[in-house]
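Let's have the full structure, built from the sequences with the hints guiding it.
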Amino acid sequence: MKVLIAVDPSDIAEKAFDWYFKNIHKEGNEVYVCHEAEQPDLPTVFFAGGASFPAAEIGRIMTDHNKKKNELENTYTMKCKSYKIKHHIDIETTQDKPGVAICKKAEKVHANMIVMGTRGMGAIRRTVLGSVSDYVLHHSKVPVLICRGQDQ
Amino acid sequence: MKVVLCVDGSTSAEEAFSWYFRSFHTQGNEVLAVYVGNQPHLPSFVFYEEAVFPKEEFQRAVQKCKSKMEEMKAKYLSKAKAMQVNCQFRVLVGDGGSPGETLASFLESENADLVIVGSRGMGKIRRTVLGSVSDFLVHHAKVPVLVFREE
Chain A
1 MKVLIAVDPS
11 DIAEKAFDWY
21 FKNIHKEGNE
31 VYVCHEAEQP
41 DLPTVFFAGG
51 ASFPAAEIGR
61 IMTDHNKKKN
71 ELENTYTMKC
81 KSYKIKHHID
91 IETTQDKPGV
101 AICKKAEKVH
111 ANMIVMGTRG
121 MGAIRRTVLG
131 SVSDYVLHHS
141 KVPVLICRGQ
151 DQ
Chain B
1 MKVVLCVDGS
11 TSAEEAFSWY
21 FRSFHTQGNE
31 VLAVYVGNQP
41 HLPSFVFYEE
51 AVFPKEEFQR
61 AVQKCKSKME
71 EMKAKYLSKA
81 KAMQVNCQFR
91 VLVGDGGSPG
101 ETLASFLESE
111 NADLVIVGSR
121 GMGKIRRTVL
131 GSVSDFLVHH
141 AKVPVLVFRE
151 E
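Respectively, the protein sequence lines represent chains A and B.
Using our numbering, read the first sequence as starting at 1 and increasing by one per residue.
Using our numbering, read the second sequence as starting at 1 and increasing by one per residue.
Do not rely on the hints blindly, as some may be mistaken.
Within a straight-line C-alpha distance of at most 25 Å, the following computed SDA-like cross-link-like pairs (lysine to any residue) qualify [said to hold, decoys possible]:
1. A:K15 to B:H140
2. A:K15 to B:V85
3. A:K26 to B:E150
4. A:K15 to B:D113
5. A:K15 to B:M1
6. A:K26 to B:L32
7. B:K2 to A:E27
8. A:K15 to B:K2
9. A:K15 to B:Q27
10. A:K2 to B:M83
11. A:K141 to B:H140
12. B:K142 to A:S10
13. A:K86 to B:S23
14. A:K22 to B:V85
15. A:K26 to B:M69
Distance ranges between label pairs, derived from CB positions [unchecked claim]:
16. A:D41 to B:S78: 55 to 61 Å
17. B:S67 to A:K81: 52 to 58 Å
18. B:L92 to A:H65: 47 to 53 Å
19. A:K108 to B:A74: 38 to 44 Å
Some chain B residues well away from chain A (every beta-carbon gap over 10 Å; in silico) [unchecked claim]:
20. E14
21. L32
22. H41
23. F58
24. M69
25. R90
26. S98
27. E101
What the hints contain is simulated information worked out from the structure, not anything from laboratory work.
Just so you know, even glycine gets a beta-carbon here, dropped at the ideal spot from N, CA and C.
As C-alpha cells, this is what we get:
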C-alpha cells in the first residue's frame, strides 16, 4: 500500500508520523513523506524615488525558507531510515494552497491513503482541525487518516 | 490495537470493512464492528375519549428495529467469516444523542485506539462530501480517525 504522510515542522506532524509507524505501518507499505511549503511572502518593491531592489532581504528570506525545507527533509529521512521504511521524501515549495498540493501529490504518486495530523503551524490553536487537514479531508479521493495525539 | 469500525446499512460501510481487512489490518488488532441502532419510530397517540393504546403498532416498530439489528449483525459476521478474520459485532443504542455522539462516548468507554468511518452513509443529502457522523467524529473523537472513501 502506498501511504502519503503530509508533514510540516510541527510536533503534531512528528507524532502523527510516529503513531503511523508504530500502529499502522505494514511491511511492504511504501511511504511518501511530503511537505507542501507555500511560496514565502517576498517584500514588494516600490520604485519611488530612490528605491533599491531589496536583494539582501529577499536573499535572506529564501535562504531561511530553503534551510527550513532542508531541516525537514533531514528529519524525516533519518526517521524513515531508522524505522527502515521504504520511503520517498518530497519537500517542495508550491504555488498552490497546501491542501490542494497534498491532494494533487496523492494522485500523482497513486497513494492509497493519506496520513496527517490535526493541526500544524497555524496560529489559531483553538480550532480542532486545521485548515489543511480540513481541506484534505473534504477533497481527497482516497481514505484519510487524521492522527490525533492522546494529549489533544 | 483496538479498532472500531463504524458500520451502517450502506455499501460504503461494507467497502470500508473489506478494505480494512484487506489492506490495513495487522495481526493482533482487536476489531469491533459497531452499528448504532435506530430508535424505533414509536407512533404518537392522543388520549381522546376512546383512545386505545396502539400496542400492536409499538410492537411492530420495535420489532422492525430489532430485525434490522439482527440483519446487520448477520451480514457483518458472515463477511468476517468469509474473509477468515476475527471481528466482534456490537450494537449501540443511543440515549437520545446523535449517532456521532453515541459513537464518541463508546470510543472513550472502550479505550479504542482508532476509529474507522465512511465518508457518507445512509444520509439523504448526497451532495455533502462528509456525512454528519464522520464530520462529528473527526472533530470530537479523542482518537485518530480514518475517514474511508471508496476509491
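Here is what the structure says about each hint:
Distance hint between A:K15 and B:H140 is fulfilled; the C-alpha atoms sit about 19 Å from each other, no more than 25 Å. For a cut-off of 25 Å, the pair hint linking A:K15 to B:V85 is broken: about 30 Å separates their Cα positions. As the CA atoms of A:K26 and B:E150 are separated by approximately 21 Å, the hinted pair is consistent with the 25 Å bound. Distance restraint check for A:K15 and B:D113: the Cα-Cα separation of roughly 15 Å lies within the 25 Å cut-off, and the hinted pair is therefore satisfied.
For the proposed pair A:K15 and B:M1, the alpha carbon gap of about 17 Å is at most 25 Å, so the pair holds. The hinted pair formed by A:K26 and B:L32 meets the criterion: a straight-line CA distance of about 20 Å does not exceed 25 Å. Among the hinted pairs, B:K2 with A:E27 is consistent with the structure: their alpha-carbon atoms are about 20 Å apart, no more than 25 Å. The hinted pair formed by A:K15 and B:K2 meets the criterion: a straight-line CA distance of about 19 Å does not exceed 25 Å.
A threshold of 25 Å between alpha carbons decides the hint, and for A:K15 with B:Q27 the separation of about 23 Å falls inside it, so the pair holds. For the hint pairing A:K2 with B:M83, the CA-to-CA distance comes to about 22 Å; that is within 25 Å, so the pair holds. For the suggested pair A:K141 and B:H140, the alpha carbons sit about 23 Å apart, so the restraint of at most 25 Å is met. A distance of roughly 19 Å separates the Cα atoms of B:K142 and A:S10; the hinted pair therefore holds under the 25 Å criterion.
Between A:K86 and B:S23 the alpha-carbon distance is near 17 Å, which keeps this suggested pair within the 25 Å criterion. Distance check on the hinted pair: A:K22 and B:V85 sit about 22 Å apart at the alpha-carbon level, within 25 Å; holds. With a C-alpha separation of about 34 Å, the suggested pairing of A:K26 with B:M69 is violated against the 25 Å cut-off. For A:D41 paired with B:S78, a C-beta distance near 58 Å keeps the hint of 55 to 61 Å intact.
A hinted range of 52 to 58 Å holds for the C-beta pair B:S67 and A:K81, which are about 55 Å apart. The hint said 47 to 53 Å for the Cβ distance between B:L92 and A:H65, and at roughly 49 Å that hint holds. For A:K108 and B:A74, the Cβ-Cβ distance of about 42 Å falls inside the hinted range of 38 to 44 Å, so the restraint holds. With 10 Å as the threshold on Cβ separation, the claim that B:E14 sits away from chain A holds: the shortest Cβ distance comes to roughly 15 Å.
For B:L32, the condition that its CB be more than 10 Å from all CB atoms of chain A holds, with the nearest at approximately 16 Å. For B:H41, the condition that its CB be more than 10 Å from all CB atoms of chain A holds, with the nearest at approximately 32 Å. No beta-carbon of chain A is positioned within 10 Å of the beta-carbon of B:F58; the least distance is around 40 Å. Once the 10 Å rule is applied to beta carbons, B:M69 is consistent with being away from chain A; the minimum gap is 27 Å.
With a closest Cβ-Cβ approach of about 21 Å to chain A, B:R90 is found to remain outside the 10 Å limit, as its non-interface label requires. Look at B:S98: its CB is around 17 Å from the nearest CB on chain A, clear of 10 Å, so calling it non-interface holds up. For B:E101, the non-interface assignment is confirmed: its Cβ lies about 15 Å from the closest Cβ of chain A, beyond the 10 Å cut-off.
Going down the numbered hints, you'll see the structure goes against 2, 15, while the others check out.
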